[in-house]
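As you go down the protein sequences, you meet chains A and B in turn.
Its first residue numbered 371, the first sequence is counted upward by one per residue in the numbering used here.
Its first residue numbered 46, the second sequence is counted upward by one per residue in the numbering used here.
Rather than coming from a laboratory, the hints here were simulated on the basis of the structure.
The structure presented is a predicted model; accordingly, all values stated were derived computationally and were not measured.
Don't be surprised by glycine CBs; every beta carbon is placed ideally from N, CA and C.
Fair warning: there could be bad hints in the mix.
Think about it this way: if two alpha-carbon atoms lie no more than 27 Å apart in a straight line, the pair counts; the simulated DSSO-like pairs of lysine-lysine are [unchecked claim]:
id, chain 1, residue 1, chain 2, residue 2
1, A, Lys1031, B, Lys185
2, B, Lys141, B, Lys175
3, A, Lys1083, B, Lys185
4, A, Lys1083, B, Lys78
5, A, Lys851, A, Lys819
6, B, Lys191, A, Lys819
Partial chain B-side listing against chain A, Cβ under 8 Å, derived [unchecked claim]:
id, residue
7, Phe71
8, Gln90
9, Trp128
10, Ala130
11, Thr189
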Amino acid sequence: MTAKTENGNDSTITTTLTRRGFVKIGGALFVSIYIPAGIPAKAAESQASPLANQLDPARLASWLEIRSDNTILVRTGQAETGTGMSAFYAQMIAEELNVRPETITLILGDTDKTPDGGFSAGFQYAVLKFRKVAAYTYQALLGLAATRLGVPIASLTVTDGVVSGGGKTISYAQLVEGQQLDLKISVTGEALRIDPSVGWGVAGLFGLSVTGEPPMKPVSQYKVIGTSYPVPGIPDKVTGRTQWSSDVTLPGMLHARMVRPATLGSTLISVGALDKKQFPTAEVVSKSNLVAVVSPHEWEAISAARAVAATTKWTDWAGLPGSENLTKTFRAYQWGSPTESRGKAAEVTAALASAPRTISATYELPYVRHAPIGLFLAVADVRSDGTVTVWTHSSQSQGLRARIAYMLSLPIEKVIVRWLEHSGQYGRTTYGGDGAEADAVILSQLTGKPVRVQWTLQEDLAWSTVSPAWVSDIKAAVNAKGHITALHSASYSPHQFDARLLGAILAGLPCTPSKPGGWVATEWPYDKIQNRLEDAYGMPNLGAESASGGLRGNIMRTPGQRQQNFTLEGLMNEGAALAGADPIQFRMDHTTDQRLVDILSATAKAAAWDSRPSPHPNARKTGSASATGRGMSIIVRQNAYWVGIAEVVVVPSTGALRVTKFTIGADCGKIINPRQLDLCMKSGVVMGLSEALKEEVTFDKSKVTSTNWSRYKILTMEETPEIKVVRISRDDQGFGGGSEAANAVGPPAVAAAFFDATGVHPRRLPLTPAHVTALLKG
Amino acid sequence: MPSELTLSVNGGKQVVSVAPETPLLFVLRNELKLTGPRLGCGMAQCGACSVLLDGEEIRACVTPVSYAVGKQVTTIEGLPATWAAAKGLHSADAAKTLHPVQQAWIDEQVPQCGYCQSGMMIAAVELLAKNPNPTVAQIKDAFTNKAPSPHLCRCGTYAAIIDAVQRAAKSMNGGKE
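Using the sequences provided together with the hints, build the complete structure.
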């Protein structure tokens, strides 16, 4: 039996359905990938190169299996990062197949069990792809049912996986009972592989795309999307049944603790002595600047590593400017030309020259970091036959696989990466780099045993990648009515795509390349400001020339947009104040986008917004009595519109700043899961307020100094304000990014509220008591 | 040097052979395979490793295992049995029961990554034992100001935790506010 669906171009076969054979027990419809001609399915000459990766259909597991036991198995290379992606997969697939989401089981992230790569940017790149897979599968199932029931497809209806037509019914399970059916779906795209020409060092991040346009269920008929389907993994997380990446144990496995260099640039002089009387089963293992202590017993590894670290000698190094000198350092740097520039240079220059008024401001953001509660860890088993298996929580197992193969100069086929849940990563593993995986692989290779590497808090807060500091200059032309007519921004930032594996760097093994450069990230919300010019300048990591690569910059939640939006929204708040306009009305005056206007109105109403210009008539910058203020900001990103409204209390004499209430509004198109969206909006606010009030990676001339939770402070429960959520769901705008950007509205809204309370514009974060006190003394 | 120690964990006796200064957390996880409590900071600054010791929340990452000898250790795996015993449930019912705090964590969909939530639930159980009907301010105080450190959540689930603690309180009080 062969059925083909041709779509559009006659030469493109989008799906084929064939019967592989009959089986006595069970049966299933296997939905998998077909790779059309023209995509490099297997490049023989690059077979042995670690740079190569192939799309080999023979080796790829199915995407989806409709099974005769009434269950559906879904395999995806994506990971669950804590936002509820696993629920969204189940909802989207259930919707297109007309089944209950409870019947769907997901296999995530394992490179040997899942077919596609693609990074953790999640919904936009992953779930929507699967929507088409499910839609094609639905068409194939209808075709099978029509044949079995002897009625035309058009007369069939499906409820909970049971097809009805012509007075007869048959379930999906019965349709596949006793046979093995293959549905092949054409894809495009490229396999993930190392590519020195892209900034983050790997190509193929977007995974495979499904070709053609299968009929999909109209949004008006949705039954599962738009409901608050529970996230599947939660009951196990609550009862202790989840197997986390931290729980992997293998026979003969050694526990390792790393002995890191004394500074970010130190090289090894001599490894400290290991007292075998005190630590009889521990061993020191090292390769170049990678030093570790291993033991079958975790506590012995910890204790022995501390003892060895105390006597290990490293060279001195002092190649950092010190975090208090960041702005001075950036100002002194020769940035050259912008690495990315967008907009109309001539028009902006002319508008600024002829404007009756201009506003100029400089905004600064410190280094911050992802700082998960669960630290980096990994287990690796490198066998004498050259195979490597790594257990990870990386949100990009395919990218990690490519980087490990590159590090060991192995064909990528030799490396398997298995994914398990762990702490949120907030972007630091999105490009498949960083982490303890390289440490574990190298130590396993050196010891010939499986090795589990667990980083310490001090190590994670000093040696993991950081979200780089920014300085942005912004200048606006203002007309007689106070409206902004042209705008020029220039942002300056160190490298933000360095996903090299630390273990590889320290051990002197081949490192995947990465290329510094600025990036214009904003999605422009203010269409009435037609003349704009955005320049982004890049520089290498601070301390890049050192043995460790220095402060390795990496993306973090709402990357680039978060920083550039802080500048843009700061400017809009300053512009509103200069115009004597209410900050929300001022935004509305600069856009014709009705979605933005609607969410501004809805959020303002929910917050009982007091419409007036800032600062508040009672704004004060001295005294021990509290000053109160309210401020707002927006961000537009990935087909989603966000508004944040902060209410704050400032005590000028102490510098204490408290956020008392935060209202967040979002229009992200069709809402998939309202409760999960609420939860992600609220938690995003927490991360944004944490950045606004507390977070800063500090460092001296040689090392990071914010290396525990009392030095790298994040928001606590007591500091979390009442958070109110407003959401607009739209059936006619597709799906937007519904969780990530929530953190980006916090900092500019808090800064605006601070200005409202005090009359002082804060242009640098975090607003700690010391910083606030200094600002108010002015 | 390893010693033989007898521990009472989740209602059962366990004999382990470990160095007495080994932190309780590593004994629970590596020897007893109770992986509910998790290693966070390793220095009593985050609360991911919290367990109950005779009903008091302690940080298992810095508590020597010898200190737990003669006391009752409860991890999240043991919470259902604790609740079943408190309510006098028969074993058949007890096997199907979750502690109201765990049920509230599911009902409110608290966990995002979920890594810190084991310690959060332990803190909630301790709080509700002392204060069956805490206000929002009292919940915030308990999760922030109690020694040795605040319970930290990087995903930012604090609002959901507050909702879940109040839901659990209501459930444990038989539906009364």
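So, going through the hints one by one against the coordinates:
{"no.": "1", "hint": "A/Lys1031 with B/Lys185", "in the structure": "15 Å, holds"}
{"no.": "2", "hint": "B/Lys141 with B/Lys175", "in the structure": "26 Å, holds"}
{"no.": "3", "hint": "A/Lys1083 with B/Lys185", "in the structure": "17 Å, holds"}
{"no.": "4", "hint": "A/Lys1083 with B/Lys78", "in the structure": "32 Å, violated"}
{"no.": "5", "hint": "A/Lys851 with A/Lys819", "in the structure": "72 Å, violated"}
{"no.": "6", "hint": "B/Lys191 with A/Lys819", "in the structure": "43 Å, violated"}
{"no.": "7", "hint": "Phe71", "in the structure": "5 Å, holds"}
{"no.": "8", "hint": "Gln90", "in the structure": "4 Å, holds"}
{"no.": "9", "hint": "Trp128", "in the structure": "12 Å, violated"}
{"no.": "10", "hint": "Ala130", "in the structure": "17 Å, violated"}
{"no.": "11", "hint": "Thr189", "in the structure": "4 Å, holds"}
The structure is inconsistent with the numbered hints 4, 5, 6, 9, 10, although it conforms to all the rest.
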